[in-house]
Every structure is written in C-alpha cells, then in structure tokens.
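Enquirer: Each chain is listed here by its residues.
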Amino acid sequence: MTPIKPFFLWKHLNKLRWVTLSVVFSMLIFLPYAHLYQTYEAAHAYDLLADSEKQIYDTMETITSPFINDPEEDLDAIKGNTWSGTFFGLQLSDPLAVIGQIFSSLTFYTPFLLTALIPIAFTLVFGRFFCGWICPATFIYELNTNFSAWLRRAGLKTGNRRFDRRVKYLVLGTGLVLSAFSGSVVVASVYPPAIVGREIYYSIALGGFGAGSIFFVGTLMFDLLVARRGFCRYLCPGGALYSILGRFRIFRIQRIVENCNDCEKCNAICEFGLDPLRDSFGQECNNCTACIAICPTDALTFKVQISDAPDKGPGHLGRQYSKNKVGIIEAAA
Amino acid sequence: MSVVALALAPTTTRAAKNQPSLRFLRPPGALPEEEFLSRCIHCGQCGEACPNRCIKYFGLENGLTSIDTPYIIPREKACILCMKCGDICPTGAIQKVKVELEDILDKVHMGTAVVDKQLCLSWQGKSCGVCYRACKLPDVAIRVGYMEQPHVLENCIGCGLCERSCIQIPQAIKILPRKT
Amino acid sequence: MNRSGYRLQALGFRLKQSLHAFRFSYGLRPAACIFLLLLVETANAHHVLGRPAYSLNEDSNTPPSMQVETQIGDYFVTYMIFPAFPKAGERGRVNLYATRIDNGKAYSGEVTFKVRDDVYFGNDNSETLGSQLPDDSVFRQGFEFSSNGEYIITAEFTEAGEPYIIDFPLRIGPPSSIGPIGIAVGSIVIILVGVNLVQRKRLLTSKIRNAHEETP
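Residue numbers (this note's numbering), protein chains in the order written: chain A, 1 to 333; chain B, 1 to 180; chain C, 1 to 216.
Hints may be right or wrong, so weigh each one.
Said to hold, decoys possible - Straight-line distance between alpha carbons at most 20 Å, and here's what the computed EDC-like set of lysine to aspartate or glutamate pairs gives:
hint, chain 1, residue 1, chain 2, residue 2
1, B, K126, C, D136
2, B, K117, C, D136
3, A, K54, A, D279
4, B, K96, A, D51
5, C, K105, B, E35
6, B, K179, C, D102
7, B, K98, A, E73
8, B, K98, A, D279
9, B, K126, C, D135
10, C, K87, C, D136
11, C, K114, C, E150
12, B, K107, B, E35
13, C, K105, C, D135
14, B, K117, C, D135
15, B, K117, C, D102
16, C, K87, A, D51
The set of hints was computed from the structure by calculation and includes no laboratory data.
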C-alpha cells in the first residue's frame, strides 16, 4: 500500500504561526512608541524633550523615515490592538467586543458591528484560529508553557489539572449578563488579549502598568501552578465565543490512520489538551498545527470538511492503544 | 471635634463619580456618561490617536465599570480639540466631530469653565488674560472685559486649555465636568 | 483616510475663529485670508498654550504642579505642590486654597503647615514648617527637603471653633522603582516558588514513606 503523504507545507505552518505571533506582539510594542514619536513631533519642541524622550524620537525617526513623510499624519494608518484596531482605514474588532457591546448597551450600532465581520468570517472558515495565530496573550502563554516544561525538567512540579472545558462558556455567559447589568463592557477586563494590548500601551506611553496586568499575571500563575494553559482551555470568554463560531469550521486537522503509530506526541504537544490520537478535535481546536509539526510519521493533515471524522481506531503503524487514557502512558513508562 | 481627610495623590485618588476630588473630563464628543460607558469597549484607540497624549485611562479609582475608560485631567494636559479620538473610535462612544465651529458647539460638551474671582489675577487687578489667549474659541467660549477679566460664555465646551494655561497656583479657572 | 482634507479643515477652523476674534472687515476678506494664513501659523507656533503640551517637566510653558482637591467639613480645599516633581535640595512650595462650600468665600485666617515622615510604624519625626497668612487668598508655604522620601504634610486651621486638620502626601525625589505592580508580581513569584518547594518536600516524604512501607 502506498503511504499517503500530507501536503509538505502543513508541517511548516507552525513556524509561520510563531512568525505571525511575534509580528503581532512586536507591533503592539511598536505602536505605542510610534504614538510617542507622533506626540513629540506634534509638539514641535525637540529641544524641550528629556534625554530618554530624545532617544525614542531619534530611534523612531530612523525606523520610520524610509516609509513615511509626515509622521503626524502617516503613522495614524495603524492604531489600536487586537481587541479593536485600525489598519489603513479598515477597522477590525474582536467579535467578543461586538457581542459585549451589544449586551452592555442593548442596542445595535451597525458601523461597529461591521468591524467584526471579517474576523467572524475567518473564524467560520478556520475555527478558533485567533487563539493560536494572532492572540498576543497566546504568545506569552505558550512561552509560559515552555517555561513550565523547563521547570519540570529542573525538578519542580507544575500544575497539570484538568477541568471541564465547558466552564468557559459559563464565563462568557456570565460576562455578558454582567455587561448588561452593569452597562459597561466588563468582559474586556477579563479577556487576556485585550488586557495585553492595553497594558503594553499603558506601560510604554502612559508610564506604568494598569490594573489589568495583575489579572494577567494571575492567569500566568494559574497556568503554571494549576493547569497547563488553563485560562485558555477552561476560562477564556473569547475562546468560548470563537469555539462556538468555529464549531462548523471548514478547515480541520485530521488523522491519517494508515500513517499513525500511536506515539501520542500530538496529545502531549496539544496546548488545548485535545485528543488528536483518537480523532477528537472538536470545536476547541485552534488549528495551531503544533501536532502536525511534531508528528513523526506524517499522520496529520488538513482536510476540508465541516465535521471531525469518527474515531478511526488504532494507527496502522503502531501498537494498540488502550481505550483508557492513562493506559498508553503506563505502557510506555 | 476634628475632621481629618486623607487625600491621596491624584493617581490613586479614590472617590465616586464626579466627586470634586476626582474631577475628570471625557474625551471631546463623548456621549453622556451612562451611554458612553455602555458603548466604550475599552480598546484604548482614542488615547493612541491623541497627538497631545492628554487622554489617560482609569484603573480602579472610579469604580469597576469605568476601568480602562478614557479621561482627561485638564490641569495636567488639556484637550486641543483635534477630534482625532472621535475619528478613530470604532463604537461611537466618542462621536465623530468635524473640526468646524458649528459641529464642535453642537457635539462637544465636556464641561464648563468657571472663574474663581478671588484667585484670578485679572479680577484682583493684575491684568493677565492668559486663559483668553489659550482658548481655541475666543469670544465664542470666553470673553475678556476691563483689565482682561475673563467671562465664560455659555458656548464654552470645557476643553480645559484655560485651566491648563492659568498661571495662578492653584488655577483660578476650572472646568466643571458636565453632570450627566 | 483623507488627511490632507482634514488639515485644510483645521486651518479653515482657525481662520474662522480668528476672523471672529479680530473682526476684519468683510471687503478685505481675501487679503485678510492670505495675511491670516501667515499670521495664524506664526501666532500658533508662539502661542503660549494653544499648542500641545509636551511633558510634565519644568520646561513646559506652565510649570505644572501636583494637585489634590478634596472636601472637608464646610470647606472645599485645593492643595498644590510646586514643582510637580520636587527634589531634595531644591526649593518647592505648598499652595493651599480653601473656599467655603456654601458661599465660595475663601478662608482668610492663618494656616499652620507641619510635615512628618510617611511611615507605617515607628517614629514619624513631626516638624512644623510654618504658619502662613493668605497671599492672594492662597496660603503658600515654602520648603526644602534634605533627603528624598515619602512625607505627609498636615495643614491645620481653626474655623468657627472647629479645628480642621488635612493630611496630604508629598513625595520628594523619584518614585520607588518597584511600585505596587512590582510588589504584586514579586509576591506571586515568591508564592510560586514556595508552593513548588512545599510540593517537592511532600513528594519526597511520601516517596520515603512508600519506600519504608514496601521494604518490610
């Protein structure tokens, strides 16, 4: 039987993902500095700037001068963060921002609804891709996961509890109800990507972290001490919304049972604690492709389909895995 | 009986909405307070668009509902009425305002300036007039009379440039934020 | 976005108010417009405060001051420190202005200023700065601190037999670099390490216990 080879690019998508995550994160750091530069420029008072401010001005001038003529106007092209941003006149917003605002104001403000159209369309096609490919908090959370693996190797025990994944839908619902009652978009205060975007801006342009940074550090500690990637898996309201929207996503990762050797590396690498080995991705999968990248036998690939394949049983290359989840780990140990 | 008040520095002032100890303005063109809060998604774009960096963001000092919402302390940095924050606001919490007199008078209601004649140098006989010269709407929002004594007119929109510029310490002209 | 159009609008706006202010005759309008284009630009460039205010430092046009406003008893009190960031070895000033809430009349008696260290425990080294009479209705007390730190300034006055004592914080020198967030992060890290150590110890004891149970 000829082995089925997945398209070669899928294996490298994980690298591309880290590139996009890094680009988004570095943009969030760049934009506040760009704004500072704009304010110094608007003031027309270079001589009055403090030395550190002059340094920022000079650096930003060097970086941006090849691309723009008038920093005061031209740097307005890109503003904001992943929660809501402006790109060359196109305004994009997180769907959670739109839903949250609908609940808090109890009205539909069409221009704002339209800003979430593109993200929603992408989510319907690619599922929860925001969580894996764009979210600036993911960038830190995945580094945090690596840090926790490093700690474990050094002999420290980190948390690896599992909870019910449906808790986050409860968080989403509660957040929206609270938004409606308080008349303020409170989900924004418990949504890490929004917090990260804001806090980076506060710390650079306004001279200090705000209250949200404490919450964010709390989620990092939760991930480290209680459950790996716990906030995204079990608590994130945005993740819940994206999961619902991505339930019938068209692009899915699937297992090629003929190539699989049951090594379970995919399950170990999966940040969201899913079970690719048993063909169970579900609505939570964020198409991050880490499992494809790590699979030693090219047994995972992308398929265009609106539902997961049923459990195909043990891989044809490998030993039988037991239906009991712990079984294979014990057998390996 | 002794009355003791412990006031914290402005950055950590704890007080309820529109208390005199936390006198703040919303950005120009902002909807009335309650509607503004229900519309604002706390994205921070208004502050990032402000060329004067006068828009700052609340922590917990004004209650949970206004966490991460924009505000202006006019004495520290006042609004220069460029209206970029309204242009960029995605939710309409800050309305789009044309940089034209009619539109500004129509939509911008941040507050009203109030002159304290006991403090004002001009009213104390030392001709000053700095507030009048700082005003972006001279003779529309503020008028000066004998000895450059300032009179605030009813068209004042409360941008705070006069308060920012007042050379008296403490400032003799203050913006009272609008009450709604 | 049409930023070029925006700029023109802004200029038109300035023009309009200038016309309004200077009341140029309408017959002269075109000439006045050209003239004003030049005039308004230069006027704005040198305008004391129409331009953006840059940073909160002593070089900005109006030297800023730190301000606290509060209500106490019958009075509405404004308190300001000048300059905004006083340093040790440099002269600074406390300005206190108290008006009655009911009729807005400024307090005109005498105010005594005291200073003490802002400490939670122990000796707080109280010292009297001086007593001041109003100058333009404002009580101005000069100070010069020899060392950086956190202080509390107390203003005292008596009105209608009731003593008023108002405490204000004053920081001399740069703020501490750690700050509340730093403390929070630090304590979380300490908790993390502590929990890990405890868990490790517990793991070790249970291992030893298991080994003991298995050997006999």
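Enquirer: Taking the earlier hints as the rules, which of them does this structure contradict?
Expert: The structure breaks hints 3, 4, 5, 8 and 10; every other hint is satisfied.
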